[in-house]
Amino acid sequence: MITLTHYLVLSGILFSLGIVGVLRRKNLLMLFFSTEILLNAVNIGFAAVSKYYGDLSGQIFSFFIIAIAASEVAVGLGLLVLWYKRSGTIDLDSLQMMKG
Amino acid sequence: MFELIAFYTFSILVIGMFGIVVFSKNALYSMTALAGGMIFISGFYFLLGADFLGVVQIVVYTGAVMAVYAFGMMFFDTTRDIKENIKFKKIIYTLSLLSAMFIIFILLAPVYSFRVEALYPTIKGVGNIQMIGLILFTKYLVPFELAAIMLLAAMIAGIVLVKVKMEETPSNIEVAKGEK
Amino acid sequence: MEKYLFVALFAPLIGSLFSLLFTAKKKNTITAIVTSALLLISFVSSLTLLFAVHGGLVLHVKMMDWISAGNLNLPFGFVVDNVSVIMMVTVTLVSTVVNVYSMGYMMHDKGYNRFFTYISMFVFSMLILVMSDNFVGLFIGWEGVGLCSYLLIGFWYEKESASWAGNEAFIMNRVADLGMLMGLFLIYWQFGTFEYDKVFAQVGGLNPAIVTTIGLLLFIGAMGKSAQFPFHTWLADAMEGPTPVSALIHAATMVTAGVYLVIRASPLFSLIPEVGHIIATLGAFVAVFAASMALVNRDLKKIIAYSTLSQLGYMFVAAGLGAYWIALFHLMTHAFFKSLLFLGAGNIMHAMDDELDIKKMGGLFKIMPYTAILMAVASVALSGVYPFAGFFSKDMILASAFNGGNFYIWFALFIGAGMTAFYSFRLIMLVFFGDKVYKKLGFHPHETYPFVLWALLPLGILSTVAGFVEKPFEGFVTQILNKYEITIAHSTELGLIFLTSAFVILVIVATVYKYARGGFSKQIEKMPLYLLLKNQYYIPQIYDAVIFKPYYWLSTFAWKQIDVRIIDFTVDLIAKTFYGLGQKSRKMQSGNLSDMLRWMVVGIVVLLALAIFYRPGM
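Order-wise, the sequence lines are chains U, W and B.
For the first sequence, our numbering assigns the number 72 to the initial residue and increments by one for each residue that follows.
For the second sequence, our numbering assigns the number 213 to the initial residue and increments by one for each residue that follows.
For the third sequence, our numbering assigns the number 958 to the initial residue and increments by one for each residue that follows.
The shape of chain U in the complex, shown without the other chains (with noise of 0.2 Å):
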């Protein structure tokens, strides 16, 4: 029988990969591809609380995670787009502006 716990571990395992990804990589392409991960992993945990209580809130939060997600693509993207444009690289080591 697959319980909550069960989900719950998934998305945990999940959730460290996204972070994993974030502090590991320095494409920046790949910064973004790891915030998805997280994003997901949420929202699988989410998914599984709405199932297990019989409470429609966590789907409707996965939902709105979902736009958010969409939006940021698109932000961030664009913003990556024009960076790029600039210093012709998307290596994040090269962001060292606000060094102090």
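These aren't lab readings, by the way, just hints derived from the structure by calculation.
The beta-carbon is built from N, C-alpha and C at its ideal position, and this holds for glycine as well.
Treat the hints with care, since some could be wrong.
If you want the ones that stay clear, here's a sample from chain B, every Cβ over 12 Å from chain U, calculated [stated by the list, open to error]:
{"id": "1", "residue": "958"}
{"id": "2", "residue": "1022"}
{"id": "3", "residue": "1142"}
{"id": "4", "residue": "1165"}
{"id": "5", "residue": "1231"}
{"id": "6", "residue": "1398"}
{"id": "7", "residue": "1406"}
{"id": "8", "residue": "1460"}
{"id": "9", "residue": "1523"}
{"id": "10", "residue": "1535"}
{"id": "11", "residue": "1551"}
{"id": "12", "residue": "1552"}
{"id": "13", "residue": "1554"}
{"id": "14", "residue": "1555"}
{"id": "15", "residue": "1561"}
Below, computed lysine-lysine pairings styled on BS3-like, alpha-carbon distance capped at 25 Å [unchecked claim]:
{"id": "16", "chain 1": "U", "residue 1": "156", "chain 2": "W", "residue 2": "237"}
{"id": "17", "chain 1": "U", "residue 1": "156", "chain 2": "W", "residue 2": "375"}
{"id": "18", "chain 1": "B", "residue 1": "1323", "chain 2": "B", "residue 2": "1397"}
Here are the in silico distance ranges between beta carbons for each label pair [unchecked claim]:
{"id": "19", "chain 1": "B", "residue 1": "1538", "chain 2": "W", "residue 2": "341", "range": "50 to 60 Å"}
{"id": "20", "chain 1": "U", "residue 1": "77", "chain 2": "W", "residue 2": "357", "range": "16 to 26 Å"}
{"id": "21", "chain 1": "W", "residue 1": "357", "chain 2": "B", "residue 2": "1534", "range": "31 to 41 Å"}
Got chain U; can you put chains W and B on it based on the hints?
What follows is chains W and B alone, placed relative to chain U:
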């Protein structure tokens, strides 16, 4: 039984796909793997009885988001590998594990102490999509409309940002002003 | 009549504010003319008030409510009665003369306009002091004249000695003012009010010990302002200021404020004769003490300054013995002849290019006869020779000392009178007669401007004739002051007067004779007594060793050890800690996005851990 098999199959597939996304050196592979992973995740939604969410997942992520990424990647020189010299590997994995564990712990704690009560309980005999629609257009009407505006704004922003001509990038404009 | 009061009070303030506009500008004669005119207006108003008060009027004006806080209620009121009107007339008269005189004296000074600002400001403060109907107003005027005195002593502030003397005067007065302030607090504590009328109405029912304390504390303030021992050193050093200032502030008006305070608080002081006795004894001591220092001094202005100290001692004797009207009378006559003496000295200084050593002068009579005559008049008046002003007031003081049975005070004053005669005529002889030493030293003295001499004329006349108003003065002032009856037999009194006069005249004749023959030999300057007097009893050195040096040491200790080592160190430590932390945490801000992300995740982990493990209520 079917549920068990399906869950584990999808789990392995999704973890594998996302693993490729995170660890692959080729951005193209990553993207493809991500698209696959997204579709497999929708499998979980169907398993959980969230039919609407499953459909949205496929349509939005695989259809829209991944398409945008695919177009976006055309701007970049993806063949050129980006040097990935990663320090602090141990720190990264420890941090990831710790944060995930904490989140799961926080989520599970109320589950096991039975303190959660359904705010909008599901009604037997009413379809998932119908329920979602009911709630979305009554209780969550305002956030829904706001999300629509947000998406519109994001769309405009995306278009404007990418539309700027190559020679008129902000840095060039600044330099040109300075030279005058 | 109220308008005369306000005119008399505020005309000097207006003059001061007017010339204030020009202080940063070049010399402008209009400041002198306007301030002189306004002081003259003030004098005329005061004179009008004098006649009105003589006609039986007592003005009591409440200008406004000044401070009203809780139980404290201070009206800003003025009173013009028999005592204050005498002071007003004296102050405004002398200040008008001095102001006109200064037009000549300060003619070539850089701070011309500034000088007249200060003088008028001083007169305004002095009028506040004498006209106030409560102790707080008196204290404001008291501090106001102190400030103006400080500014005027240090008028030539680029001179180190002048600014030092200004500071000395100011600080010494502050020390004494502490006593005065405590007296005022005690008054308020006991009576709940500062107004003279209410205080003096209740003073009789009070515990004598407290009245004595109040009297002593107020007298400490008076000692500071009137430069009585041990606060006397500032007055001699105050001669660093311009000479008209010495005449106005440090001879005629401000230094007599202490005497005025005692007279004003006479209902209080007459309840405590033992304090009065202390005052009288101290006054007699200072009268001789200061006169003895004047005997040997060679500085023209310091001689007159010590003379002032000595005369203030006389006034305190009279005030201490309860002869308040005599003290006030001597205050008035002294204001006339002492300011005349100072202004004459100013003429000499002017002629001699600010040379002060009287041994370098001599034979100036031929060149400046009018100044010489005026100064001689003032000296005769100071010595107390009939019929000059000083004779009447000084003999009244001597008679009152004898009357109270305080023969030692009388004897001290008697000796003091002889010393006064000696140093006055020593000065006259050395400056105006004898060898023309200045010629060898290359001075080219000249008589001063005629209008300056004309300005001095009223003082000269008053020094001569002011004594004859004694009887009307007594009747006028004792309407509100205690009457003082001379109970000794008339023949004894006449005998005393004759004795004193004979002694004084004898001393004068002897002095003139001696100095006409060339003065004392050089041998006398090596005598220990001479050295003791010349060095002012070594009191400045004693103060230096006993007060200044330890205090300096203490201050240095506090600075080096406490301030630098503890306070500064603590402050610096805090600053350095945060600076160091900033330097360390600066590395966090590498500008690299992955570093930032890493820190962000660290933050998330910490917050999550806190959310799980930190339970404040459990």
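Here is what the structure says about each hint:
no., hint, verdict
1, 958, "77 Å, holds"
2, 1022, "60 Å, holds"
3, 1142, "58 Å, holds"
4, 1165, "76 Å, holds"
5, 1231, "78 Å, holds"
6, 1398, "75 Å, holds"
7, 1406, "75 Å, holds"
8, 1460, "92 Å, holds"
9, 1523, "34 Å, holds"
10, 1535, "16 Å, holds"
11, 1551, "5 Å, violated"
12, 1552, "10 Å, violated"
13, 1554, "6 Å, violated"
14, 1555, "6 Å, violated"
15, 1561, "9 Å, violated"
16, 156(U) <-> 237(W), "22 Å, holds"
17, 156(U) <-> 375(W), "11 Å, holds"
18, 1323(B) <-> 1397(B), "17 Å, holds"
19, 1538(B) <-> 341(W): 50 to 60 Å, "57 Å, holds"
20, 77(U) <-> 357(W): 16 to 26 Å, "36 Å, violated"
21, 357(W) <-> 1534(B): 31 to 41 Å, "52 Å, violated"
Violated hints, listed in ascending order, are 11, 12, 13, 14, 15, 20, 21; each of the other numbered hints is respected by the structure.
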